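*Asks:* What follows is the residue order along each chain.
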Amino acid sequence: MKVLILGGFLGSGKTTALLSLARFLVANSSSERENKVAILENEVGEIGIDDKVLATSGFAVSNLFAGCACCTVSGEFTDAARKIRDELDPEWLVIETTGIAYPESMRENLAAALSLASRLIVIADAKRWTRLFAAMNSLISGQIVGAEVVLINKCDLADDETLAKIEEDIRGMEPRTKIFRVSAKAGIADKIWREAAGMGD
Amino acid sequence: MHDEHEGHTHEGHDHDHSGHDHSHEGHSHEHHDHDHSYSHDDSDHDHDHAHDAEIDALEAIEPGVVAVTVHEHDGAIVASGALIVYSDEPHEMRHALADELEYIAAEIGRCGGTVGHVKASFVATSYDMLSVTEAGGEVELKRAPDLELKIGFAAIAFDVPEDFIQNLVSESLQNLL
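Chains S and Y, in that order, give the protein sequences. Letter by letter, the first sequence follows residues 1 to 201 of our numbering. Letter by letter, the second sequence follows residues 1 to 177 of our numbering.
I should point out that these hints are in silico values taken from the structure, not numbers from a laboratory. Each hint should be verified, as a subset may be incorrect.
Interface residues of chain S toward chain Y, partial, derived using beta-carbon atoms under 7 Å [claimed, not checked]:
(1) L10
(2) G11
(3) V26
(4) I47
(5) K52
(6) A55
(7) A135
On the chain S side, residues computed to face chain Y include the following (Cβ under 8 Å) [unchecked claim]:
(8) V44
(9) E46
(10) G48
(11) A186
(12) I192
Predicted, not measured: the structure shown is a model, and the values here were computed from it. From the three backbone atoms N, C-alpha and C, an ideal C-beta is built for every residue, glycine too.
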């Protein structure tokens, strides 16, 4: 089971991107496994909102509520991932974090508990970046750390100068990350998903 | 919502905290005139939320009853709400719901908070009954006049008190009744 962790701040477009990613993975799978993609949703509210959109799109979705740091370091998160591995054995597990989670700590927990390697894809919100980065620098920075790929989403809603500044900010937090400008709503190109999923490595 | 539709107006908020009105075809929404102002103290960021998963509000609540819970979560204030109503006007209800989301986001910003995410799920279910009384007979279809509308709601914000968000979400769901 290959694992992708999709992180990013609240409202950055993670669920929209996830739908695109899941479709890409299914379309480009060469596996004989019955389940190509399973999704582990990690929502912060007590009522599932995002999972309904994903489930009605034909994907196997598990929902883990209250995905804060204490949950992700406890066994709930890794238990949910283990259950998916044991019961569904998908080719891909895509984990959508809550918008206030730190994806790198989730990756570390997954590796420690299940010896599962994973890639981090983080969605940055171009429209709100400047405001959020000023107000919540620590959280936003912490979410970027460790990301193999950062997708600057809603790039159609920001000017070039702003986008260049966002890229500079992101490189300051995680110099090795690959950065792409996207609009998840308009569609994300396969070559970007190929890179994000590590399929070109 | 960005689209305009006939019979729907969304008035700008007057920012005087005296409530606001939404006008929809067949709906009149009025927020109660009460004080939403607050004095923000630094949260101690207690983890007092339950870890026992979904409250299953959409399955458990009675139709017409507003259910709202609130908790603090890693510095974010999270209000979750649910409502089931019956209506033959799902489009109007969806637009009214969109108005409420906009209103809540505006109120959070107006009071100095930061909007994390305000979102809702909206599920419309129609009920059909099919029957036949004899071999070779025609199957009869009966359809319930109203749809069951299940609304799930989450408002996540920073630097606002819990009761502020809880009251906002509760009011918004009440306005949909």
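*Asks:* Looking back at the numbered hints, which does the structure fail to meet, lowest number first?
*Replies:* 3, 6, 11 and 12
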